[in-house]
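J.: One-letter residues, chain by chain:
Protein chains: 2
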Amino acid sequence: MSFLISEDIYNGFISLFKDKNPLHTDEQFANSRGFAGRVMHGNILNGFISYFIGECLPTKNVIIHTQEIQFKNPVYLHDKIFFDASVSDVIESVNAIQFKYFFRNNTGKIVAKGKIQIGMFS
Amino acid sequence: MSFLISEDIYNGFISLFKDKNPLHTDEQFANSRGFAGRVMHGNILNGFISYFIGECLPTKNVIIHTQEIQFKNPVYLHDKIFFDASVSDVIESVNAIQFKYFFRNNTGKIVAKGKIQIGMFS
Chain A
1 MSFLISEDIY NGFISLFKDK NPLHTDEQFA NSRGFAGRVM HGNILNGFIS YFIGECLPTK
61 NVIIHTQEIQ FKNPVYLHDK IFFDASVSDV IESVNAIQFK YFFRNNTGKI VAKGKIQIGM
121 FS
Chain B
1 MSFLISEDIY NGFISLFKDK NPLHTDEQFA NSRGFAGRVM HGNILNGFIS YFIGECLPTK
61 NVIIHTQEIQ FKNPVYLHDK IFFDASVSDV IESVNAIQFK YFFRNNTGKI VAKGKIQIGM
121 FS
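Just so you know, the protein sequences line up as chains A and B, in that order. Letter by letter, the first sequence follows residues 1 to 122 of the working numbering. Letter by letter, the second sequence follows residues 1 to 122 of the working numbering.
Next comes chain A alone, as it looks inside the complex (with noise of 0.2 Å):
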């Protein structure tokens, strides 16, 4: 699946949390760390994690144990986003399933990467 990072997504994620770092939000700072542009909270994509997880299973009877988060590559204002998540492990004995998952940009460069577990509800 595939997200844009909006200027909605943005600017609600900044609203919601109050992170104003120089970084996601001053061009020239940014471009002084050596950034093509602002830089989007990385917390972003977690949130995509939870839409994934709460909305796009075979089933609604989940809940999240732990993830996993790396960062790899930065995510621009405007950038369409891919998600793919493959099931890495499953732990029958506590219901638990384990994915490993990357966030690609649309150039194909790995942006974040990490693992996600869930457990199911009986």
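Keep in mind the hints are simulated off the structure, nothing from the lab. Among the clues, some could well be false.
Given that identical chains are not distinguished, each listed pair holds provided it fits within a single copy or across any two copies.
Unchecked claim - Heads up, simulated SDA-like pairs for lysine to any residue below, C-alpha to C-alpha not over 25 Å straight-line: (1) K113 / E68; (2) K113 / D79; (3) K72 / A30; (4) K72 / V94; (5) K20 / N73; (6) K20 / L57; (7) K113 / L77; (8) K109 / V62; (9) K72 / F99; (10) K18 / N106; (11) K109 / L4; (12) K100 / F35; (13) K113 / F35; (14) K80 / V94; (15) K115 / H65.
Add chain B to chain A, keeping to what the hints say.
T.: Only chain B this time, still in chain A's reference frame:
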């Protein structure tokens, strides 16, 4: 520091990320899975981490490299959540700092914990 899980945060998160899983939105569903009420999205806590790193450190010259979070106990609407972080490692060779953190509710119970690694721009 502390964070309030307000209606604004809860509704704003749903509005941004569209995760309306019944665990988060349906009281009866959440009760039937053993919870006292609608369980707040764990990734709201990751938004607070964004604020902590972006706004509350002695320098703004930072970027998140990795995050890990383990969800241990449910967070409910109107909960006041206390956040504690401490430096667990300093990796001078790459200008990186690792934090260990805990989110606790107002009964002192750990609701989530994990690690964050950040880089510092020189």
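J.: What hints, given by number in increasing order, does this structure fail?
T.: 12, 14
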